[in-house]
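Trainee: Residues per chain, in single letters:
There are 2 protein chains.
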Amino acid sequence: MHSHFQPVDLTKAYRLLNHGPTVLVSASHAGVDNVMAAAWACALDFDPPKVTVVLDKSARTRQLVEGSGWFVLQVPNAAQARLTHQVGNQSLFDQPDKLARIGVELARVAGFEAPLVNGCSAWLMCRVIDEPHNQQTYDLFIGEVVAAWADDRVFRDGHWAYEHADPDWRSLHYVAGGHFYAIGEPLVIDQGE
Amino acid sequence: MHSHFQPVDLTKAYRLLNHGPTVLVSASHAGVDNVMAAAWACALDFDPPKVTVVLDKSARTRQLVEGSGWFVLQVPNAAQARLTHQVGNQSLFDQPDKLARIGVELARVAGFEAPLVNGCSAWLMCRVIDEPHNQQTYDLFIGEVVAAWADDRVFRDGHWAYEHADPDWRSLHYVAGGHFYAIGEPLVIDQGE
Chain A
1 MHSHFQPVDL TKAYRLLNHG PTVLVSASHA GVDNVMAAAW ACALDFDPPK VTVVLDKSAR
61 TRQLVEGSGW FVLQVPNAAQ ARLTHQVGNQ SLFDQPDKLA RIGVELARVA GFEAPLVNGC
121 SAWLMCRVID EPHNQQTYDL FIGEVVAAWA DDRVFRDGHW AYEHADPDWR SLHYVAGGHF
181 YAIGEPLVID QGE
Chain B
1 MHSHFQPVDL TKAYRLLNHG PTVLVSASHA GVDNVMAAAW ACALDFDPPK VTVVLDKSAR
61 TRQLVEGSGW FVLQVPNAAQ ARLTHQVGNQ SLFDQPDKLA RIGVELARVA GFEAPLVNGC
121 SAWLMCRVID EPHNQQTYDL FIGEVVAAWA DDRVFRDGHW AYEHADPDWR SLHYVAGGHF
181 YAIGEPLVID QGE
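Sequence order for the protein chains is A and B.
Numbering-wise, the first sequence is residues 1 to 193 according to full-length UniProt numbering.
Numbering-wise, the second sequence is residues 1 to 193 according to full-length UniProt numbering.
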């Protein structure tokens, strides 16, 4: 990855998801890579950081997560709104060249098999904490975040800097039917109050 | 509640949380009401709609949820940023008059014990699906949404209308240390693409 790809302290990793962005979920198993979109991802714990994500049984990416025991949650941005919608609406089952058609570029970090999607704002490398009842009953997966990175043009010193970055870096917040909202203005409450 | 308080079809209830807002969690048990803030709440299923929310063992509200088996997730707005921060940073354990001090006004809907916070944009009435392992190990609670309502000045016909409403209605997306972002502009992807 490029020079703006910087590690995030694990104790601050929850902040990458705390504002509720829609994420991309990527995984790899037995030589197959895939990426899907998920609005239902959430922080679960601070230290060690954990996350939840809902992965439907119809999703090819879910099989890769189950097969490998790993996934990456990454925070896409306004420049990737079309890509985010497309990876969420096309299945690798139907379109084996899905990623190439959409123009998804993957990268890897030494030591990890799961791929990262280029151009995102932040990435959380997660190891599945096996919870078969949650996975079968609720399609709910729990992961421990073992490494995290962010693009320092939009997240630095442990904080999102949306208000100082190009609007293309804004996070995406999916509603339904191709409609997203981008993240907006900061609102700061005086700590003494 | 007032004339703008309108029911939301349960099949659309997930849309109230899909964009990842910070929520208020309210509950009541044995004559005690409380309200807390939670950034870690998420949709879990469409139909019947389910949600997850993380409730720390130190939270008085958690005891009320465990005691009653019910909670309400509600979506606060920019006009309530200070209230949201304050209910998240004061404990009923320390301040028995917490809600009055902060100015939280509660309302009730016939047939339900759990209270709703006045002035929010949307409300989801949730019955706890008992999952002791998740609750003890991860502080993770699962609820089935049995009723939902929204203020039709900001959510109507199954859709958020932030772009047509006063900025005071924007949802809050908490980061850390009193810093929120408000939801921003709509981004719409052509469905044919």
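Think of the hints as simulated: they come from the structure by calculation, not from any bench.
Cβ coordinates follow ideal geometry from the N, Cα and C atoms, glycine included.
Don't take every hint at face value.
Examples of chain A residues toward chain B, derived with CB under 7 Å [said to hold, decoys possible]:
1. H2
2. F46
3. A81
4. R108
5. G184
6. L187
Trainee: Hint validation: A81(A) versus chain B, beta carbon distance must be below 7 Å. Holds or violated?
Mentor: OK, holds: A81(A) within 7 Å of chain B, min 5 Å.
Trainee: Would the hint on L187(A) stand, with a C-beta cut-off of 7 Å toward chain B?
Mentor: 4 Å, holds
Trainee: Have a go at the G184(A) hint: is there a Cβ in chain B nearer than 7 Å to its own Cβ?
Mentor: Holds: closest Cβ of chain B sits about 3 Å from G184(A), inside 7 Å.
Trainee: Should the interface hint for R108(A) be scored as holding, given a Cβ-Cβ cut-off of 7 Å against chain B?
Mentor: 28 Å, violated
Trainee: Using the nearest Cβ pair, does H2(A) come within less than 7 Å of chain B?
Mentor: Violated, about 25 Å.
Trainee: Less than 7 Å between beta-carbons is the criterion; does F46(A) satisfy it with respect to chain B?
Mentor: 10 Å, violated
Comparing the model with each numbered hint stated earlier shows that hints 1, 2, 4 do not hold.
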